[in-house]
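J.: Each chain is listed here by its residues.
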Amino acid sequence: MEKKIYLDNAATTKTKPEVVEAMLPYFSELYGNPSSVYEFAAHSKKAIDEARTIIADAIGSESTEIYFTGGGTEADNWALIATAEAYGQKGKHIITSKIEHHAILHTCEYLQKRGFEVTYIDVDESGIIKLDQLEKAIRPTTILISIMFANNEIGTIQPIREIGEIARKHNVLFHTDAVQAFGQLDINVDELGIDMLSASAHKLNGPKGIGFLYIRKGIRIRSFIHGGAQERGRRAGTENVPYAVGFGKAVEIAMKTMKERTKKEIELRDYLIKRILSEIPYTRLNGHRTRRLPNNANFSFQFIEGESLLIMLDMNNICASSGSACTSGSLDPSHVLLAIGLPHEIAHGSLRLTLSDENTFEEMDYTVEKIKETVDKLRKMSPLYEDFVRTR
Amino acid sequence: MEKKIYLDNAATTKTKPEVVEAMLPYFSELYGNPSSVYEFAAHSKKAIDEARTIIADAIGSESTEIYFTGGGTEADNWALIATAEAYGQKGKHIITSKIEHHAILHTCEYLQKRGFEVTYIDVDESGIIKLDQLEKAIRPTTILISIMFANNEIGTIQPIREIGEIARKHNVLFHTDAVQAFGQLDINVDELGIDMLSASAHKLNGPKGIGFLYIRKGIRIRSFIHGGAQERGRRAGTENVPYAVGFGKAVEIAMKTMKERTKKEIELRDYLIKRILSEIPYTRLNGHRTRRLPNNANFSFQFIEGESLLIMLDMNNICASSGSACTSGSLDPSHVLLAIGLPHEIAHGSLRLTLSDENTFEEMDYTVEKIKETVDKLRKMSPLYEDFVRTR
Amino acid sequence: MYTKKVMDHFLNPRNMGEIENPSCVGTVGNAKCGDIMRMYMDIDENGIIHDVKFKTFGCGAAVATSSIATELVKGKTVEEALKVTNKAVVDALDGLPPLKVHCSLLAEEAIHAALWDYAEKNGIKIEGLKKPKSDIHDEEEINKVSY
Amino acid sequence: MYTKKVMDHFLNPRNMGEIENPSCVGTVGNAKCGDIMRMYMDIDENGIIHDVKFKTFGCGAAVATSSIATELVKGKTVEEALKVTNKAVVDALDGLPPLKVHCSLLAEEAIHAALWDYAEKNGIKIEGLKKPKSDIHDEEEINKVSY
Ligand SMILES: Cc1ncc(COP(=O)(O)O)c(C=O)c1O
Ligand SMILES: Cc1ncc(COP(=O)(O)O)c(C=O)c1O
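Residue numbers (the numbering used here), protein chains in the order written: chain G, 1 to 392; chain Z, 1001 to 1392; chain E, 2001 to 2147; chain W, 3001 to 3147.
Bound conformation, chain G alone (with noise of 0.2 Å):
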């Protein structure tokens, strides 16, 4: 393959060769079964707590409060649908914001249809969700706030510790889908006041189709996915041994790695931004200025549409998105960006680059160049642009 400039880490990352070697063990060799009497399943237990402790530590909660899942979008679920289920008869009102991914608003929709009411909160331009409105928005009756930690496509970070108050005040659960945030911020689940967090190992250089949901130990919610024991008896099936020791390993080396990666990231991150807002006009940089993840860079060209530009851009080998990737095979443009207040055709043409420790200035440079081309080609097609430069 041509050597390629991967800018779409917030999809999926790599997963590193590391992770994959510790996997290995567990798959020809240590096969047990962990829930087998005898003892040479021990060894696919003990590698399964270990990597639960691994886990836990790292978001400083209890390892007994984290439960494997088949990945990000099964722990949401989970969060979701089995609050609604235990706590029921306590009030059937959730309360998500507009800017969730998915499998939060796919799931809040499936449980308005088993009869919750869904308060989905306001963002700013930024999209920071508003504070107030989600404070007004308690009713008696709410039994759950979902709020994501950081955006997938525009990177912006949530006031969580903020929620989390909120959500203590009025006696709500808090959950947090932090599948974008964990491995790049700082968490600690006491600290920010979090009683349920989803996380899912791709998005850290572990493998994909693992997960965990943080479940607050006196949390009264069932299981998702029923049958054997596993889990505490919470969520069924065999356990994933290989993956959990990977995901275990990518945990690791993320804690370890995060200050330097970060910085790292944060400093290509903003070149880039600087590069692109200064060179090609009529162009914005959605999300925070700031309050960003440390990878994160979403622009919207006006006049050009999204896919277009990815293509071409593939076509000089870079990756890249526009919008989240489970949604790029639809016609409707990111929720998130008319949720931030974006005209429909400026939220078409929005471009999400999202970096990792491994890119270079020199692939900024190039990416910056090829942009700018691709920009530029598609407004000469453009009838949009056309139409601009003519009532100008």
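No wet-lab data here; the hints were simulated from the structure.
Here are the simulated lysine-lysine pairs, DSSO-like style, with alpha carbons at most 27 Å apart:
hint, chain 1, residue 1, chain 2, residue 2
1, Z, Lys1372, W, Lys3032
2, Z, Lys1045, E, Lys2005
3, Z, Lys1046, G, Lys14
4, E, Lys2133, G, Lys380
5, W, Lys3004, Z, Lys1003
6, E, Lys2004, G, Lys377
Since the structure of chain G is provided, determine the placement of chains Z, E and W with the ligands on it from the hints.
T.: What follows is chains Z, E and W with the ligands alone, placed relative to chain G:
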């Protein structure tokens, strides 16, 4: 590690080195998110599609009818819960059997709490479903029959074709949990009249943590895990590309080797059964003598308890199980053994040996000797045996 | 996801640009859907489309369908151009992904819109030409099934 | 899953067997739960348990708790034996998995059952000894939470 004799292939299997080999490129090299638009991601998409085709071919379905899940348990949950939700308007009655895996039984209990009625059909003393009872149980409100293809504890194979016919005749959907059967028995969903089928990779030398649900075209069930548009909008969450590839590879191998492999397993199994039944008194074979999985042998040794037998076998490097792996932490005797009519104290003394074609006759001989010794030792310790000898 | 033909027309669009003082021009689609196509035509006194150009805001398929559509109508009479269907557009591109078929409808509409403009400007009635919708909403089934 | 101590007592149980013509014998548990313990004792005229044997149908923990229980009461007076609690049994084994703690309760019950038999046979009343349940149902919280 010392050389061990692994006789618990129904709990899980070794991931074959060829399978690991096939997965490896998709971790650190071709790691693109299949939903992304750039060419780099097309490798991932193609890899999943190829695996899907292999699997579809193995059960005689279209590849668009195969949906990957996080395991057999998730597939079972999905089939039941989504059918209940989609067809709940038509009726709220589900039929299953008393010997299903907990992935089915606990999901049924969950649905009962949500207002569904479940009929649990009896089995005869060899574990075969009572077809007349099944047909009589069908009501106008019955929306689903879920009967497992082959039992995980006693290995009994159900009359799937007949069940399929009954379901067709009464216009009721038919789901089968084929987690144990897939890869061991010939399955063709059209010939057998199966509408939905669950399977899991780790039972046929694939990795733990991926499975699939076959959903016949035209069945209107929605997703169980809500979010992105993956798996044709029916199963959200970033695809586990490496495991899908590994699953495909494992199925490819399993299909190619099925005939020869199961022939060898049957020889080993029958040798084992013959020796144990003839050399250890007060012993019975559980399950049907011939209509059983090629690799399954399940015994009850009167007067002794299974766990202590297991631990002593483990001391001799023999990995075996009693009941199913995921309930071995539980104090209850196997619901399957109770369903075939065993009294509690006999149900408690059961041993499941599930072979692979890597086992040898020497291993069978060693195992028989060790079982003999251990049963003898435990009977000497048993107050039940003491009473039995006294009153003889 | 796209055929070679689509990629070729996307990356090297034919007849892209404007026509100064065109005989007619038609614009269809809307920014909400993410696709806008504009087609300029020069039609001579014999009703032959001797030049056609397009501008498109939209995805790769939108650009490619516009491009191929211009090729399909160029040199044709107005009546022949009217018979260029979205299917012809799809076929000429060796197919489109299901989600993108709507782009070919848009291309067909763009031709009709230009011709409608031509008819209006010249006060004639073209047999079989209906006033094109200015707004194309064609959500695919697959999209609704999703969630 | 078991401590070394438990494994040792399970694989090499102490005082396993029967006593011919014992002073007393007690059997507790039931096959439904999967554990039955029987304890034989020889108690001399001074009320000292100078021999004790057990037989157990049950899991590793059941065998180990029976074994250690016999060690804990052997040589003790009836009154001292009465004070051997399930906690003492667990501690002597360096702990038991949560799901198996009920086995230690069963061992305590077995001692009590044997002593009750002794009291009945000899028409005496032992201070603090209650008629043991013949049936031990002690489902752990963790077991209920499960599904
Ligand atoms: C019959 C049966 N159904 C379902 C399952 C669950 O499959 P998984 O462990 O992949 O979730 C198993 C095995 O654990 C099984 O044997
Ligand atoms: C914010 C957020 N939540 C949830 C998910 C879903 O995680 P997964 O793909 O592991 O199911 C993602 C990424 O896809 C995400 O970015």
